[in-house]
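Starting from the known structure of chain V, arrange chain U on it as the hints suggest.
From first to last, the protein sequence lines stand for chains V and U. Our numbering applies: residue 692 is where the first sequence begins, and numbers increase by one. Our numbering applies: residue 692 is where the second sequence begins, and numbers increase by one.
Treat the hints with care, as some may be off.
Where chains are identical, the list cannot tell them apart; a pair therefore holds if satisfied intra-copy or between any two copies.
To be verified - Here are the simulated lysine to any residue pairs, SDA-like style, with alpha carbons at most 20 Å apart:
(1) Lys819 / Ser711
(2) Lys908 / Thr784
(3) Lys693 / Arg881
(4) Lys816 / Trp761
(5) Lys798 / Ala762
(6) Lys702 / Ala722
Derived by calculation from the structure, the hints in this document are not laboratory data. Since the model is a prediction, treat every value here as computed from it, not as a measurement.
Number of protein chains: 2
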Amino acid sequence: MKWCRLQSSGKAVYGIVEGSQIIEAQGSPFARYRRTSRKHALRSAKLLVPVVPPTLYASGVANYQAHVDWANAFFKRAPTPLPTRADIGYRATSALLPHGGTIVIPKDASDAIHYENELVVVVGKTAKHLSRDEALSCVLGYTIGNDMSERTWQGMDRTFWRSKNTDTFKPMGPWIETDFDLGKAMSITRINGKEVSRFVTGKFLFDIQYYISEITKYVTLHPGDAIWMGTDGATLPPLKHGDVVECEITGIGVLRNSVKREK
Amino acid sequence: MKWCRLQSSGKAVYGIVEGSQIIEAQGSPFARYRRTSRKHALRSAKLLVPVVPPTLYASGVANYQAHVDWANAFFKRAPTPLPTRADIGYRATSALLPHGGTIVIPKDASDAIHYENELVVVVGKTAKHLSRDEALSCVLGYTIGNDMSERTWQGMDRTFWRSKNTDTFKPMGPWIETDFDLGKAMSITRINGKEVSRFVTGKFLFDIQYYISEITKYVTLHPGDAIWMGTDGATLPPLKHGDVVECEITGIGVLRNSVKREK
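With the rest of the complex left out, here is chain V (with noise of 0.2 Å):
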């Protein structure tokens, strides 16, 4: 099932994505809803980020091989032992984008503008002290985050704000899909409809029952919160003005935005 959020009549409501459909729903996969006649075109919908999450969690520095050691060669840092418990860190729901939006890029950014097509766990039920083998079961779903990143602000800033959070740097969608098999996911990154990025989506050096038995262990974990999962290799080339970016999960779909740098 495809839970997405639409504008309709001036007002976000959520929906259910059924083809070339959108079917309108009352309340929200978070509570009690219930299908109504209102349909939508998916093509001509406006779409709105499926969620907007209490709290936005991301997997601190790196969560795959290749990403770590690309990262330590774009940094020009020594190589450094893989982590051995997972870095918990945060993003700012300021930053959210709907697919279709559009990436700005400030004007006084560098041109080290890198995408990074990340799995993001959607979050269902109230949850804490969760174990390993429960940590699924607060899970409502799937979807797609690409975690704009300024590189040379990076370098620069500890907590990533400006890197990571400037408006418009967390494009997240397209629907939050509730049937998904990550075994089978491969994540697809294109620029202008040229293939970049290709990776294995559950290669992760931390799954995702570490992160939310990790997580609940101290702090509870409220329905709408996202658990963005972390890139792997390299997110190369930089992305420039008058660009379309499309992060494909297989099994999800394609969270695709266009992107212009301000004048």
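Just chain U, lined up with the frame of chain V:
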């Protein structure tokens, strides 16, 4: 004017504190409001955090000279030159706790459980690209935050997620004061009624105008966003089971919380 948020007939509503009374409002200080005829006794009202910020900013690492010096000694770091620009960080709203609520120390936390009495700036209007001179125009008012920190975890976790965002570790309140004279304010902390810390609230390394103009170069501030401005000096003695901690900022009020250790 003092804006509080409270529970009234099972709903969260805004109220205006006048002497020993709260006048219930319809609407909120972030949009339109009107005073209603419903009144509550301040003494017995169940206060909530005065706002749940869409984004909760925190001054990074340190924003007062004496706290930088103390923290270097505490963490056994070499004396570092003072920062030349502010580090902008985040806290998670999942950790918020109202005035009167109980701070719960997790079972496996160390004894290094520290208070940090902080001025909190509450944003009232959407703002982008504000100059220093324009910066305060987006501010609704000020409240108090206690940036509770588990110092052992703080030394281990780059993102401070556990050390500062464990459930209940972000007391904030009791209300938002819209008429606040920063020039005269003192920050005073008491444990079980005994004064343990006192500093001049406004002696920041980087001031409020700086934070707002820096943030809004890249990020839109939204109504309800909050910026925690850091603390000064030592944050000792550590808090333990059974303590009551009071963070006062003169001209705003007193944020009081009890402390419990999980068994």
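Consistency of the hints with the structure:
no. : hint            : in the structure
1   : Lys819 / Ser711 : neither (38 Å within a copy, 38 Å between copies)
2   : Lys908 / Thr784 : between (23 Å within a copy, 17 Å between copies)
3   : Lys693 / Arg881 : neither (23 Å within a copy, 52 Å between copies)
4   : Lys816 / Trp761 : neither (36 Å within a copy, 41 Å between copies)
5   : Lys798 / Ala762 : neither (25 Å within a copy, 37 Å between copies)
6   : Lys702 / Ala722 : both (18 Å within a copy, 18 Å between copies)
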